[in-house]
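Enquirer: Chains as they are written, first to last, in the working numbering: chain P, 4 to 488; chain H, 4 to 488.
One thing to keep in mind: the hints can contain errors.
No distinction is drawn between identical chains; accordingly, a pair holds when it is met within one copy or between any pair of copies.
As the list claims (entries may be wrong) - In silico SDA-like cross-links for lysine to any residue, where the CA-CA straight-line distance does not exceed 25 Å: (1) Lys-181 to Pro-420; (2) Lys-430 to Arg-189; (3) Lys-181 to Gln-68; (4) Lys-430 to Val-488; (5) Lys-111 to Gly-124; (6) Lys-111 to Ala-144; (7) Lys-268 to Arg-115; (8) Lys-181 to Arg-167.
The hints are simulated quantities; they were obtained by calculation from the structure and are not laboratory data. Please read all numbers here as calculations on a predicted model, not as lab measurements.
2 protein chains.
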Amino acid sequence: MRAPSLNRRHLVGAGAAWLAGCATPAQQTPLLPLRSADFLAADWRAAQRLMAAASDDNTAWRLVQALCTQVGARPAGSSADARAVSWALSALQGLGLANGRAEALPMKAWVRGPASAVLLGPQPQDPMHHLVMAALGNSVAAPAAGIEADVAWYPTLQALQDDRSDRARGRIVFIDQKTQRTRDGRGYGLAVVARLNGAVEAARRGALAVGIRSIGTDSERIAHTGAMRYRVDVPAIPAFAVSVPDAELMATRQAQGQTLRLRLKLQAHSGVDATTHNVIAELPGSDLAHEIVLIGAHLDSWDLGLGAIDDGAGVAIVSAAAGLMQRLGLQPRRTVRVVLFGNEENGFDGARAYGDRYGTVPHQWVGESDFGAGRVWQMNCRVQPDALPLVQRMARLLSPLGVAWATDRLNQGSPGPDAGVLMRRHKWPAVQLSQDGTNYFDVHHTVHDTLDRIDPATLPQNVACWAVTAWLAAQSPVSFGPVVV
Amino acid sequence: MRAPSLNRRHLVGAGAAWLAGCATPAQQTPLLPLRSADFLAADWRAAQRLMAAASDDNTAWRLVQALCTQVGARPAGSSADARAVSWALSALQGLGLANGRAEALPMKAWVRGPASAVLLGPQPQDPMHHLVMAALGNSVAAPAAGIEADVAWYPTLQALQDDRSDRARGRIVFIDQKTQRTRDGRGYGLAVVARLNGAVEAARRGALAVGIRSIGTDSERIAHTGAMRYRVDVPAIPAFAVSVPDAELMATRQAQGQTLRLRLKLQAHSGVDATTHNVIAELPGSDLAHEIVLIGAHLDSWDLGLGAIDDGAGVAIVSAAAGLMQRLGLQPRRTVRVVLFGNEENGFDGARAYGDRYGTVPHQWVGESDFGAGRVWQMNCRVQPDALPLVQRMARLLSPLGVAWATDRLNQGSPGPDAGVLMRRHKWPAVQLSQDGTNYFDVHHTVHDTLDRIDPATLPQNVACWAVTAWLAAQSPVSFGPVVV
Numbered sequence: 004m005r006a007p008s009l010n011r012r013h014l015v016g017a018g019a020a021w022l023a024g025c026a027t028p029a030q031q032t033p034l035l036p037l038r039s040a041d042f043l044a045a046d047w048r049a050a051q052r053l054m055a056a057a058s059d060d061n062t063a064w065r066l067v068q069a070l071c072t073q074v075g076a077r078p079a080g081s082s083a084d085a086r087a088v089s090w091a092l093s094a095l096q097g098l099g100l101a102n103g104r105a106e107a108l109p110m111k112a113w114v115r116g117p118a119s120a121v122l123l124g125p126q127p128q129d130p131m132h133h134l135v136m137a138a139l140g141n142s143v144a145a146p147a148a149g150i151e152a153d154v155a156w157y158p159t160l161q162a163l164q165d166d167r168s169d170r171a172r173g174r175i176v177f178i179d180q181k182t183q184r185t186r187d188g189r190g191y192g193l194a195v196v197a198r199l200n201g202a203v204e205a206a207r208r209g210a211l212a213v214g215i216r217s218i219g220t221d222s223e224r225i226a227h228t229g230a231m232r233y234r235v236d237v238p239a240i241p242a243f244a245v246s247v248p249d250a251e252l253m254a255t256r257q258a259q260g261q262t263l264r265l266r267l268k269l270q271a272h273s274g275v276d277a278t279t280h281n282v283i284a285e286l287p288g289s290d291l292a293h294e295i296v297l298i299g300a301h302l303d304s305w306d307l308g309l310g311a312i313d314d315g316a317g318v319a320i321v322s323a324a325a326g327l328m329q330r331l332g333l334q335p336r337r338t339v340r341v342v343l344f345g346n347e348e349n350g351f352d353g354a355r356a357y358g359d360r361y362g363t364v365p366h367q368w369v370g371e372s373d374f375g376a377g378r379v380w381q382m383n384c385r386v387q388p389d390a391l392p393l394v395q396r397m398a399r400l401l402s403p404l405g406v407a408w409a410t411d412r413l414n415q416g417s418p419g420p421d422a423g424v425l426m427r428r429h430k431w432p433a434v435q436l437s438q439d440g441t442n443y444f445d446v447h448h449t450v451h452d453t454l455d456r457i458d459p460a461t462l463p464q465n466v467a468c469w470a471v472t473a474w475l476a477a478q479s480p481v482s483f484g485p486v487v488v
Numbered sequence: 004m005r006a007p008s009l010n011r012r013h014l015v016g017a018g019a020a021w022l023a024g025c026a027t028p029a030q031q032t033p034l035l036p037l038r039s040a041d042f043l044a045a046d047w048r049a050a051q052r053l054m055a056a057a058s059d060d061n062t063a064w065r066l067v068q069a070l071c072t073q074v075g076a077r078p079a080g081s082s083a084d085a086r087a088v089s090w091a092l093s094a095l096q097g098l099g100l101a102n103g104r105a106e107a108l109p110m111k112a113w114v115r116g117p118a119s120a121v122l123l124g125p126q127p128q129d130p131m132h133h134l135v136m137a138a139l140g141n142s143v144a145a146p147a148a149g150i151e152a153d154v155a156w157y158p159t160l161q162a163l164q165d166d167r168s169d170r171a172r173g174r175i176v177f178i179d180q181k182t183q184r185t186r187d188g189r190g191y192g193l194a195v196v197a198r199l200n201g202a203v204e205a206a207r208r209g210a211l212a213v214g215i216r217s218i219g220t221d222s223e224r225i226a227h228t229g230a231m232r233y234r235v236d237v238p239a240i241p242a243f244a245v246s247v248p249d250a251e252l253m254a255t256r257q258a259q260g261q262t263l264r265l266r267l268k269l270q271a272h273s274g275v276d277a278t279t280h281n282v283i284a285e286l287p288g289s290d291l292a293h294e295i296v297l298i299g300a301h302l303d304s305w306d307l308g309l310g311a312i313d314d315g316a317g318v319a320i321v322s323a324a325a326g327l328m329q330r331l332g333l334q335p336r337r338t339v340r341v342v343l344f345g346n347e348e349n350g351f352d353g354a355r356a357y358g359d360r361y362g363t364v365p366h367q368w369v370g371e372s373d374f375g376a377g378r379v380w381q382m383n384c385r386v387q388p389d390a391l392p393l394v395q396r397m398a399r400l401l402s403p404l405g406v407a408w409a410t411d412r413l414n415q416g417s418p419g420p421d422a423g424v425l426m427r428r429h430k431w432p433a434v435q436l437s438q439d440g441t442n443y444f445d446v447h448h449t450v451h452d453t454l455d456r457i458d459p460a461t462l463p464q465n466v467a468c469w470a471v472t473a474w475l476a477a478q479s480p481v482s483f484g485p486v487v488v
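All chains should be built: construct the whole structure from the sequences, respecting the hints.
Expert: This is how it looks when you write it as structure tokens:
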């Protein structure tokens, strides 16, 4: 049986205004014909209908707008998080999805308090400049009186790691690690280690606190928060990030040979008993209902912004994708499950709780939309080799939307943070739909993560990608696992 | 006697790289020949030398960089202000200027304390969203326990003024006044009244506090501070500005019919006894040394940023202009006086003290650079009618730099805030060199007023304009006053 051919012109006919804004597809080769072990023609046609229907579906925008304006910031375990859970449950039910539930899970919350960092002037007691800063997630508090000390300045985390002297002892270490702008986020991946491990490296050398240049690609006076971690064998010292222009000022003064001295105040509470939830809803399967196609996002956000791009957009995209299948009356073979994870940002509690509960349930694959609201530009996966041609066929179907098939690290895809935890732990197959993250780290984990940073026009393309791939994964004639992780 | 002709090509020869970036001059007509009552040819040639020499003079950039990195924010009356005074005195002396002095003046300082505003959620006690906000200058503190109240939302100050109901009573008034982007700042002029008078209008209607949309043209999560005022016959209530995206969020929720409720905390100290200074240095005149050509800027800044564009740039420009005359060995007839005013931002104490001290000294004109670091695009003035052709001739000389002669409100120029106070009070003539302020109100009075907001390439054109006009004003064969103000 052969699926009808699908070419670019065909699709333009179905959604011309929408496609006009898409990038040129990286691969222009004609779609491979379906073979006997492939998707059924009816399933293929349904995938085409999903693509076309997504083009004028504004559900995702409506969802993220509601989440941001009716709930706002929702750090895990907070009362806002609880409101987000209620909102999400009702939103998923409103889309007609079944089996809606919020699965409670205990967690230890980290609660931000007031914080400030003042750069002192040439006279030791002179407040010279109030830095724009934010405590890093999990940071311990500073002593109530604050910490005042000279700065031991390092251009990179590596420079700190290489330092065998006692220059950091009794000082506030500052790590001026820069973040490169990249489409795929690898610049962030390289830089974020300074945020994660800076405190441990500094404390090992006797530092009183650690500050870092924000892990971000902007040049605004906004601080980028984010999780950091301690080790039980190293003293826990306060950790904070300053805005890029403030880091630049410090670097200039450092280069001028001026002494940098900081007065730090930082309040925070760690280990606060709290509860969060995974919010789940489904499009129930038929003959393979016990197998799960998981499309996820995380419901929690950092506290500084509204959690629009991180990860209101993802919540909206995967919810709308499942909602679209429901609206078109599609019944999948496998169960398509939307999972909105709790506490991705600061501990992956939701992912771990999900794994604890569903680890023995077969998952066709897991995927997560958690990279903002940019267009999907590449598809990758992690499936058993026999299934790879089927997944490649999905990517070819998405090619008119500007989606390329992965060339680098093919079939070693990474499905997002929570889904990645599950993939590694349970050896579940995975799908990776890579969004354009060129501007993502301008606003990630900052006060700028607000609704106006989302271009509503980019959301339907994301919805199409998630709906089509989830649908075809659910209909696949073969299992995507087992995989080697 | 005729001055040598000066055309565009001539000047390009003198400073090609610099002029390449200039806008097309608005007037391409040839320069008027000098007549007998005009500038001496030697003075005219010196003006041309100043223009050419400014093109590769980086003094202004060096000065503003030093002020921002060595002093930083310098709210009037603070210890940083005192350091700025020392820095400025030594910088002006370093340029070879004479009679350097810092003239102390007593003032009442306003000192910012911690402040926060939380938008409460659907449940009255639910913190929904932390607004990015800043107290307005002069705001009284809120009661220590804070203020929690519903919001009475108004789209504009006019809407509040038109309200005859008691809707504002017992509430926090919010004024969503928008600021239009314009080159000449008139959008700001229209909107800023909401900042200045909002508290009085709200308190007259029984409000507990007043919040405003930041008077700014950006869409970043930064609050724009700035002075506001009370009336003795109206209760003083706390006043603050929120960022534009936060105002947008409130507007969206207001449009959705949701109740807006705020929890405001705001600490501040008013009327703190303090001292600031006018910093003055001169290029002493010869036969007319007792007449003053005043080129000014203000040394103080708001506390949130580094005071780079407001008004480090102006400090650097007028200082460098006088320094350039000195470097070229020019001796003016009248005394060219650089005045760096104290406390422009929150009371004009420096301008008033200057007027008290020098009000009886004849001033050829007064001018102030206080509109950022954009290029000068227009020249205007306020001089006695007989002197107008001479000033117009200056503008024609600057025409290759993209400077037009004023068409609107000709000879009704406004010379900047401090100089404007002096012009009105002492009927002194005035010069207005209008900078392009298209982007000025994106960062004005915010944390974003940092060094990276200045394009070093725009400074030499400003220096040329100030040096040329101050020089020719000092050499003028006629007095520019008296004027009608």
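Enquirer: Hints first: check each against the structure and report whether it holds.
Expert: Here is how each hint holds up against the structure:
| no. | hint | result |
| --- | --- | --- |
| 1 | Lys-181 to Pro-420 | within (23 Å within a copy, 40 Å between copies) |
| 2 | Lys-430 to Arg-189 | within (24 Å within a copy, 63 Å between copies) |
| 3 | Lys-181 to Gln-68 | between (32 Å within a copy, 22 Å between copies) |
| 4 | Lys-430 to Val-488 | within (6 Å within a copy, 82 Å between copies) |
| 5 | Lys-111 to Gly-124 | between (39 Å within a copy, 23 Å between copies) |
| 6 | Lys-111 to Ala-144 | within (16 Å within a copy, 36 Å between copies) |
| 7 | Lys-268 to Arg-115 | both (12 Å within a copy, 17 Å between copies) |
| 8 | Lys-181 to Arg-167 | within (22 Å within a copy, 55 Å between copies) |
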